[in-house]
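Student: As a plain string of letters, each chain reads:
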Amino acid sequence: MNALTVKDLNVKIGESHILHGVTFDVPAHKVTALLGRNGVGKSTTLKSIMGLYQGTGSIELNGQQILGTPTYKIAQAGVAYVPEDREIFSTLSVRENLTLASRNKNNGDAYKNIFELFPELDTRAAQLAGSLSGGQQQMVAIARALLNENEILLVDEPTKGLAPKLVTEVANALVKVAHETTMLLVEQNLALVKRVAENVIVMDQGKVIFQGGPENLSDPAWVHEMLGVSGGHK
Amino acid sequence: MEAFILIGITGIGLGALYFLIASGLSLIYGLMGVLNFAHGSFLTVGAFVGFWVASKMGFETTIPEFLLAMIIGGLAAGLFALLIEQLLITRLYERHIDQALVTVGVSLVVGAVLGGWFGNDLRMFPTPMWFLTAIDIGGAQIPADRVIYISTAILLLIGNWALLKFTRIGLIIRAGVENRHMVDALGINVRKAFSTVFFLGGFAAGVGGVLVSVYSNGVSPLIAGSYLIYGFIVVVIGGMGSVPGSFLAAMLIGIIKQFANYYATGLGDFVVVILLAVVLLIRPQGLLGKVRA
Numbered sequence: 001m002n003a004l005t006v007k008d009l010n011v012k013i014g015e016s017h018i019l020h021g022v023t024f025d026v027p028a029h030k031v032t033a034l035l036g037r038n039g040v041g042k043s044t045t046l047k048s049i050m051g052l053y054q055g056t057g058s059i060e061l062n063g064q065q066i067l068g069t070p071t072y073k074i075a076q077a078g079v080a081y082v083p084e085d086r087e088i089f090s091t092l093s094v095r096e097n098l099t100l101a102s103r104n105k106n107n108g109d110a111y112k113n114i115f116e117l118f119p120e121l122d123t124r125a126a127q128l129a130g131s132l133s134g135g136q137q138q139m140v141a142i143a144r145a146l147l148n149e150n151e152i153l154l155v156d157e158p159t160k161g162l163a164p165k166l167v168t169e170v171a172n173a174l175v176k177v178a179h180e181t182t183m184l185l186v187e188q189n190l191a192l193v194k195r196v197a198e199n200v201i202v203m204d205q206g207k208v209i210f211q212g213g214p215e216n217l218s219d220p221a222w223v224h225e226m227l228g229v230s231g232g233h234k
Numbered sequence: 235m236e237a238f239i240l241i242g243i244t245g246i247g248l249g250a251l252y253f254l255i256a257s258g259l260s261l262i263y264g265l266m267g268v269l270n271f272a273h274g275s276f277l278t279v280g281a282f283v284g285f286w287v288a289s290k291m292g293f294e295t296t297i298p299e300f301l302l303a304m305i306i307g308g309l310a311a312g313l314f315a316l317l318i319e320q321l322l323i324t325r326l327y328e329r330h331i332d333q334a335l336v337t338v339g340v341s342l343v344v345g346a347v348l349g350g351w352f353g354n355d356l357r358m359f360p361t362p363m364w365f366l367t368a369i370d371i372g373g374a375q376i377p378a379d380r381v382i383y384i385s386t387a388i389l390l391l392i393g394n395w396a397l398l399k400f401t402r403i404g405l406i407i408r409a410g411v412e413n414r415h416m417v418d419a420l421g422i423n424v425r426k427a428f429s430t431v432f433f434l435g436g437f438a439a440g441v442g443g444v445l446v447s448v449y450s451n452g453v454s455p456l457i458a459g460s461y462l463i464y465g466f467i468v469v470v471i472g473g474m475g476s477v478p479g480s481f482l483a484a485m486l487i488g489i490i491k492q493f494a495n496y497y498a499t500g501l502g503d504f505v506v507v508i509l510l511a512v513v514l515l516i517r518p519q520g521l522l523g524k525v526r527a
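Chains F and G, in that order, are what the protein sequence lines are.
Note that the numbering used here has the first sequence beginning at 1, numbered continuously upward.
Note that the numbering used here has the second sequence beginning at 235, numbered continuously upward.
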């Protein structure tokens with residue numbers, strides 16, 4: 001059973017044709033890693049699923065077409081999004097960021113879960129989100145997405161630009177979350193991908209060039225050919 | 235000393251009128267990036283509806299009757315603003331030139347319709363007799379109507395702050411000013427917040443329209459003109475999207491203008507333009523505005 005099915009997705013931004021017939025499936029209750037070199041269209045794919053970019057083709061969430069649907073309705077349908085640059089609201093406090101994101105009034109358990117995952121957010125609830133460190137901002141961005149019951153979690157480079165200690169902390173949180181949800185994860189950190197991914201999609205030049213199991217991630221030659229990096233180091 | 239107090243307080247009163255007009259402009263631009271040249275027509279509609287309600291009560295109104303007329307004028311202007319937003323502006327988000335053309339068009343149409351209906355002559359706004367009295371402050375005789383202008387502006391500022399700080403719609407508006415696409419991505423229809431802001435901006439302009447009519451000794455389809463220009467100047471000096479910034483700038487402009495008019499006979503407008511130029515050169519984002527990424 002697939003939570004998300006993307007078929008022949010074409011997206012243009014201005015005059016640039018970014019996605020060329022992207023097609024893949026995201027199985028339910030599994031973590032799917034979306035990999036590829038910089039600039040191949042991974043983030044554009046996530047934004048298109050979220051309705052932030054318009055395109056042609058088909059995007060189905062549990063069999064329901066969501067392409068062309070307003071972004072807020074896609075989110076209400078259960079697509080949660082952790083963007084690449086976190087995009088937390090810097091002029092709001094941590095508490096206000098979370099309150100804004102929560103669409104469920106009976107959310108006591110959800111808050112309990114995210115404070116177990118990120119205890120720092122509880123102690124810094126009154127702090128302006130803009131004054132948090134990069135890692136703490138990433139925690140807010142992830143927590144914001146976890147406050148509601150989701151069908152799928154889209155996570156875009158959650159460890160990008162973080163100090164090694166914070167990479168571990170965020171990675172541990174994602175590993176915990178991975179057991180409970182369907183996730184489409186864009187990530188350059190192969191160590192993290194190897195820990196969580198049960199399914200791998202590789203993109204190149206706006207197209208999907210591979211979809212399959214994560215076994216190949218242990219093959220340095222395959223990793224080098226597909227991603228242009230040394231396997232196991234990045 | 236009496237002259238100093240009189241000029242200072244009448245300057246604050248004038249600043250209060252500017253703030254009522256500028257607060258809606260600032261929020262509408264700050265949240266939606268809409269350059270709304272139809273804002274003057276919201277002011278005019280509020281003034282005429284307030285005038286119509288007050289006229290039903292006779293040539294003279296009591297203070298509660300006047301306040302009722304002012305609130306109804308504000309509500310009518312808010313509903314008119316909502317109508318314009320729903321019919322026209324929602325189709326023009328991200329299209330700034332089209333927004334400017336259409337909203338200028340709306341202001342011209344409203345002015346022409348009201349001018350054709352009522353004529354362009356000033357019509358005396360029925361006010362309470364108390365407005366014609368003076369209050370002694372430090373020996374200065376302050377016209378009583380200034381108290382209404384100033385207290386209305388302060389109430390609006392507090393109401394605005396409370397709405398933004400303590401309500402969910404306020405939270406959505408604050409977040410939307412920062413990043414409206416992310417608000418959408420959290421499952422919130424940010425367009426509803428846009429409509430609320432248009433209504434509130436229209437309400438403030440309508441209330442301002444009634445008070446401007448009192449200040450200008452009457453209501454006319456032409457009253458919005460110079461006040462709208464000052465509204466834009468206040469928004470730029472205060473900082474786009476910052477209501478407290480608009481309040482600060484409006485008070486500053488009102489006071490400076492009155493003092494300049496008194497001590498440098500009639501140079502008030504010139505001094506305000508100089509102030510605008512200085513702020514744009516030294517702090518382009520305005521006094522309390524934020525630099526946009």
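Read the hints as simulated data drawn from the structure, not as lab findings.
Beta carbons are placed, not taken as given, at the ideal position from N, Cα and C, and that holds for glycine.
One or more hints might be untrue.
Beta-carbon label-pair distances, calculated as ranges [as the list claims (entries may be wrong)]:
1. F:R103 to G:L342: 21 to 31 Å
2. G:A346 to F:G21: 34 to 44 Å
3. G:I508 to F:K105: 52 to 62 Å
A short list of chain G residues far from chain F (calculated; beta carbon distances all over 12 Å) [said to hold, decoys possible]:
4. T244
5. K290
6. L405
7. A419
Student: Confirm or reject: T244 of chain G is not an interface residue toward chain F, with every Cβ-Cβ distance exceeding 12 Å.
Tutor: holds (35 Å)
Student: Does the beta carbon distance between R103 of chain F and L342 of chain G stay inside 21 to 31 Å, or does it fall outside?
Tutor: At 43 Å between Cβs, range violated.
Student: Beyond 12 Å from every chain F Cβ: check whether that's true for L405 of chain G.
Tutor: Non-interface label fails for L405 of chain G: nearest chain F Cβ at 5 Å, not farther than 12 Å.
Student: Does the no-contact call for A419 of chain G survive, Cβ to all of chain F over 12 Å?
Tutor: Check fails; 5 Å does not lie beyond 12 Å.
Student: Quick one: work out the minimum CB distance from K290 of chain G to chain F and report holds if it exceeds 12 Å, violated otherwise.
Tutor: holds (43 Å)
Student: Between A346 of chain G and G21 of chain F, is the Cβ distance one that fits in 34 to 44 Å?
Tutor: violated (54 Å)
Student: Lying within 52 to 62 Å: is that true of the beta-carbon distance I508 of chain G to K105 of chain F?
Tutor: 53 Å Cβ-Cβ, so the 52 to 62 Å window holds.
Against the hints set out earlier in the document, violations occur for numbers 1, 2, 6, 7.
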